[in-house]
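**Q** What follows is each chain in one-letter form.
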Amino acid sequence: MKKVMMGNHAVSYGAALCRVQVIAAYPITPQTQIVEKLSEMCGSGFLKSNFIKVESEHSALAAVMGASAAGARAFTATSAQGLALMHEIIHWVAGARLPIVMVNVNRAMAPPWSVWTDQNDSLSQRDTGWMQIYCESNQEVIDTVILAYKIAEKVQMPCMVILDAFVLSHTSEIVDIPKQRNVDLYLPPYKPKMKLDINNPKAFGALVTPEYYMEFRYKMQKAMDKAIDVAASAHADFAKTFGRRYDVIEEYMTKDAETVIVTSGTITSTARVVIDELREKGEKIGLLKMRFFRPFPKEAVIKALTGKKKVIVLDRNISFGHHGIFFQEIKSVMYGKKDAPEISGVILGLGGRDVTPDVIKDAISEGKRNRTEDIVWIGVKK
Amino acid sequence: MFELRIHGRGGQGAVVASKILANAMFLEGKYVQSFPMFGVERRGAPVQAFLRADDKPIRIRCQVYTPNHIIVLDPTLINVVDVTKGLKKSGWIIINSSHDASDFKFKGYKVATIDANKIAVSLGLGSKTAPIVNTAILGAFSKITGLISIESILKSVSEEVPIKVQLNKQAVQEAYDQVRQ
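From first to last, the protein sequence lines are chains A and B.
In this text, residue positions in the first sequence follow my numbering: the first is 1, and each later residue adds one.
In this text, residue positions in the second sequence follow my numbering: the first is 1, and each later residue adds one.
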């Protein structure tokens, strides 16, 4: 059924369709209408789930961690400072191999206070062991929540689904809500091999000596490697069941492109318009959309960018003292490859600065001029 | 692509108006996108809401800078905000006001007025001091621009408005009948 809905509600419907059994949330800014809608769904009986109100984001993730350890499909959502406050438990969930799905609405970190979008909140959680998927439309948001559980439960790793504040979260557009029957077929109930069970008591999270710690980490890395293959089959099954095809990356007009821009989140959507316009003028330019950030889809990226003349990475984030985070990741996988392109990076749209087609055109012309070691900020008042 | 900007004050229902209109256009087979001005809203402060509609999927995701038409829910905003900023030539300015359209002078633009406050108050939508005028103004929009049928607006109100559905539909109809240009 098609319905006009905002990104926040697309998340809520996605979680409800997955029949999440436990939801915990701290319902104060920077929280969004995601959990407000879910609490209404629980209140009306539409969704049979335990909604736990807690006193902080740290507790929210701790509560869903407990629920997941006890074998429940668990969900939470947050944003910016809320995500930062969860940081300890974010590590804990990944180390405990709990397939929790958490939605993060990308908002800039304070200070100065901001409620607007950029990616520094989620990218600050890069090394925690969570998968990260960035979305560009509300349809992709609802579909990705479902996909996230499918992949997470298969590889026993948590997954963060990410959408831009306001540009998706508060924007209403047409969403084709998947049929419950199809979601049930695609995503059967969660049945972990091991769980907290009063009838079969076990202890979790005990001290591990140096003799074994590395093995736990090695297994997490192996699970992340496996997640790329699992994602491929989850995406293929999804296309078969729901008729919409996704992949870890998406190439747009890259086939004969000499220049390729790399984008993530909603900048991708607006950039498509720019690519079409430049193509009409005869420019050989294309776009690489990064949907997965962790695990990093390195084989797909190498395949897409090898042989191109110039690659320009657009980052709505900054690693202070270095440069854009997607830029550094793209460079690292292309390093030393035969026929690697020249790669440059631009910083734009921080703290919700509007990214219009003109801003993207500026980013492209600046990026073309610049060398790999330059850091270019688009539209910044100096 | 069609773009609309709605100027209002927090609490008047500008954002809900953009959502009702987006849903109405969706019911007529359009692709739509509606959103508030990205930011924080306070009751009484100037707010904006936006709408895009097209026959093909909408990929552009930045704010609206050059709307085809605008709606002004509170005429006192005209002295505070540059309401015609970026408005395309010969666009409509639809104002909630008891005055005649000819009382407003906007060079190069067409003006229509509707006393949506009066309609809302008479139907008990909102309070006397803070009437909710978002449904009435859409009746005026339908009549003046012809971009959307009143039937689709009425159907969308039924789907999107949680309370006083019949009274809100009546407000749409009355504004449709009474709008002046």
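In case anyone wonders, no lab produced these hints; they're calculated from the structure.
Note that the coordinates shown come from a computational prediction; the quantities given were computed from them, not determined experimentally.
Where is the CB? At the ideal position from N, CA and C, for every residue including glycine.
It cannot be assumed that every hint is accurate.
Straight-line alpha carbon distances no greater than 25 Å define the calculated BS3-like cross-link-like pairs of lysine-lysine that follow [as the list claims (entries may be wrong)]: (1) B/LYS110 with A/LYS3; (2) B/LYS88 with B/LYS118; (3) A/LYS361 with B/LYS169; (4) A/LYS3 with B/LYS56; (5) B/LYS169 with A/LYS2; (6) A/LYS381 with B/LYS118; (7) B/LYS88 with A/LYS3; (8) A/LYS281 with B/LYS56; (9) A/LYS331 with A/LYS309; (10) A/LYS179 with B/LYS88; (11) A/LYS2 with B/LYS85; (12) A/LYS361 with B/LYS110; (13) B/LYS169 with A/LYS3; (14) B/LYS88 with A/LYS2; (15) A/LYS331 with A/LYS310; (16) B/LYS128 with A/LYS361.
Some residues of chain B that are not near chain A, with every Cβ distance over 12 Å (derived) [to be verified]: (17) ILE20; (18) SER34; (19) ILE78; (20) ASP82; (21) ALA101; (22) GLY124; (23) SER127; (24) LEU147.
**Q** None of the hints should be skipped; say for each whether it holds.
**A** Now for the hints, and whether the structure bears them out:
1. In summary, the hint linking B/LYS110 to A/LYS3 is not supported, as the alpha carbons are separated by about 33 Å, beyond the 25 Å threshold.
2. Proposed proximity of B/LYS88 and B/LYS118 is contradicted: the alpha carbons are some 30 Å apart, above 25 Å.
3. Straight-line distance between C-alpha atoms of A/LYS361 and B/LYS169 comes to about 45 Å, which puts the hinted pair past the 25 Å bound.
4. Distance hint between A/LYS3 and B/LYS56 is fulfilled; the C-alpha atoms sit about 16 Å from each other, no more than 25 Å.
5. The hinted pair formed by B/LYS169 and A/LYS2 meets the criterion: a straight-line CA distance of about 23 Å does not exceed 25 Å.
6. The straight-line distance between the Cα atoms of A/LYS381 and B/LYS118 is roughly 47 Å, outside the 25 Å bound, and the hint therefore fails.
7. For the hint linking B/LYS88 to A/LYS3, the alpha-carbon distance of about 30 Å lies beyond 25 Å, and the restraint is violated.
8. Between the alpha carbons of A/LYS281 and B/LYS56 the distance comes to roughly 22 Å, so the proposed pair stays at or under 25 Å and holds.
9. Note on A/LYS331 and A/LYS309: the hinted pairing holds, with a Cα-Cα distance of about 14 Å set against a maximum of 25 Å.
10. With a CA separation close to 42 Å, the supplied pair A/LYS179 and B/LYS88 exceeds the 25 Å bound.
11. Restraint check: the Cα-Cα separation between A/LYS2 and B/LYS85 comes to about 34 Å, which exceeds 25 Å; the hinted pair is violated.
12. With a C-alpha separation of about 34 Å, the suggested pair A/LYS361 and B/LYS110 falls outside the 25 Å cut-off, and the hint is violated.
13. Distance check on the hinted pair: B/LYS169 and A/LYS3 sit about 21 Å apart at the alpha-carbon level, within 25 Å; holds.
14. Pair hint B/LYS88 plus A/LYS2 does not hold up; C-alpha atoms about 32 Å apart against a cutoff of 25 Å.
15. At roughly 12 Å between alpha-carbon atoms, A/LYS331 and A/LYS310 fall within 25 Å of each other, so this suggested pair holds.
16. For the suggested pair B/LYS128 and A/LYS361, the alpha carbons sit about 49 Å apart, so the restraint of at most 25 Å is broken.
17. Taking the minimum C-beta to C-beta distance to chain A, about 10 Å, the non-interface status of B/ILE20 is violated against the 12 Å cut.
18. Taking the minimum C-beta to C-beta distance to chain A, about 5 Å, the non-interface status of B/SER34 is violated against the 12 Å cut.
19. No beta-carbon of chain A comes within 12 Å of the beta-carbon of B/ILE78; the shortest separation is about 25 Å.
20. At roughly 18 Å from the closest C-beta of chain A, the C-beta of B/ASP82 stays outside 12 Å, upholding its exclusion from the interface.
21. At the 12 Å boundary, the C-beta of B/ALA101 stays outside the reach of chain A, the nearest C-beta of that chain being 30 Å off.
22. Listed as a non-interface residue, B/GLY124 keeps its Cβ farther than 12 Å from every Cβ of chain A; the least gap is roughly 26 Å.
23. B/SER127, annotated as away from the interface, keeps every beta carbon of chain A farther than 12 Å; the closest lies near 25 Å.
24. Residue-level check passed: B/LEU147 sits 17 Å from the nearest beta carbon of chain A, beyond 12 Å.
Going down the numbered hints, you'll see the structure goes against 1, 2, 3, 6, 7, 10, 11, 12, 14, 16, 17, 18, while the others check out.
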